[in-house]
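J.: Build the full structure now, drawing on both the sequences and the hints.
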Amino acid sequence: MFMRHMPRTVETMEKLGFHFLYGYTKVADNSMVNLAPILVGDIPEALAKPKHDDSGDININWILPTQDKTDPTKLEFLWKVMKEKYGCESLFNEDISGKSLGLFNYPGHEFLPGFTENPADHYYRAYYLAVYENWKYEACKNGEQLQNEFVNIWRRFAHRYNNICHFGFTFVTTLTHEAGFVLEVLDEKVSSHLNALHVDGDLENSISVIMGDHGNRIGAIQRRYHGRIEERMPLMAIRLPTDFAQKFPEEYRNFLDNKYKLTSNFDIHKTLHDIVHMRLGKDKTDSLNNDNGRGISLFDAISSTRTCYEANIPENFCMCMTDVSNVTSPLPNVTKKNASEQKKDQFDTLKGWLKKEKLEECVDISSLETQDDFKEMAINPYARYGLRTKSNVTQNEIALKHQEKNPNLQYNSFEFTVVGSYLTSEEPLSMLVRTEIYFERNISSVVFEPMIRESPAKCQFVSIFDVCKCLLNNNL
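Heads up, the sequence shown is in this note's numbering, so the first residue is 15 and it goes up one at a time.
Derived from the structure by calculation, the hints contain no laboratory data.
There could be a bad hint or two in this list.
List of simulated lysine-lysine pairs, DSBU-like, C-alpha gap at most 30 Å [stated by the list, open to error]:
{"no.": "1", "residue 1": "K483", "residue 2": "K29"}
{"no.": "2", "residue 1": "K63", "residue 2": "K419"}
{"no.": "3", "residue 1": "K203", "residue 2": "K273"}
{"no.": "4", "residue 1": "K83", "residue 2": "K94"}
{"no.": "5", "residue 1": "K419", "residue 2": "K273"}
{"no.": "6", "residue 1": "K273", "residue 2": "K29"}
{"no.": "7", "residue 1": "K404", "residue 2": "K419"}
{"no.": "8", "residue 1": "K273", "residue 2": "K357"}
{"no.": "9", "residue 1": "K113", "residue 2": "K261"}
{"no.": "10", "residue 1": "K369", "residue 2": "K29"}
{"no.": "11", "residue 1": "K389", "residue 2": "K404"}
{"no.": "12", "residue 1": "K365", "residue 2": "K94"}
{"no.": "13", "residue 1": "K369", "residue 2": "K350"}
{"no.": "14", "residue 1": "K404", "residue 2": "K365"}
T.: Okay, here's the thing in structure tokens:
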């Protein structure tokens, strides 16, 4: 959603060195249960619950107790730890549209109603409550888009404390809650603020995170396949301090590798926790060998074979693919092709994509051959059909119940290795390819750029675009 509706901001983020996490997956349904693992990390009340539910899957109450009315004032937010240990300034700036709403006020069964003391140095809820005493929320006020005010506060805070340890959390929600496309009204403003922060040097010594708590859970997009994916795989983009790669080369290499690994909210907390200590005097913890904590820092090596269970992602939010090579066609009026026919079709799809992306100047398309590791995969039915909680039914029962009613959700993916040669290098080419078929219209496409398995010696990149750009530049 963010990529579609914030093109200027995405372009600016890429220019300024933000890295997008392509395997980032949420761990729960709504806002607070996804934000608590990032902002707080381990909550004693949660860890006291069983880790597994009756089905053996991750217990939602082990992530965040949903019925206990936890006292939010007692939560050990990361910015509180920073304040106590290092004297850092903090901001909690939450967009609410009514007095009964807010992360720690709705739904009422998760937390006691609000804080008994200010959770941060700069906390705006009291002001917003006073505003809503005399004014009904509207998206625009006096000809201006209201969410601009929240974005302005974010920029002013970052600029004012650019040379002081600080943690700012700005949460904009109301604008996009019903439909994601209206996010476009903020595109120019956010892009402009990022550029201004860059020019003023406010990003140099900071870690900046632009993220979504989850994708759109309601609205028309939920009836589409990509809407189910976006709901579970929201935006997570991180910009590290400018000198980070030089000061911490091993951690930076791990961070770049982990962009393409399966990651979750718990990992983001560990990463923020680590960088606080790395920048402010202490060594980071070894999250791979640390029994305390439920995530792995992005500065540590994360396994490429990590499962959702290992990342503490419940099955109904898991977007990892399962093998469906032996499963019949998901639509009764569609005859599924055999493996060799599918392999040829998907290989042709890849070659067409390479030409469309003008990569034939780098890749010798005539030399390409597919290997024997051709797999047909699909996301599990719990995720495909949007189950927010797991009911006591099997995946097969879910599929049979929904597939005929939802033909627009019937996509399968194919993964295979292709070998060949470059036109600009004597080293062999080997890449992992993923394509996708939309059964209702029998349309195949390349959904993600092929990943290079063994990079050329002088061009150590994972992306085929980066490798080809490097090879072409070296041959100028």
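J.: Hint numbers the structure violates, sorted upward?
T.: 2, 5, 9, 12 and 14
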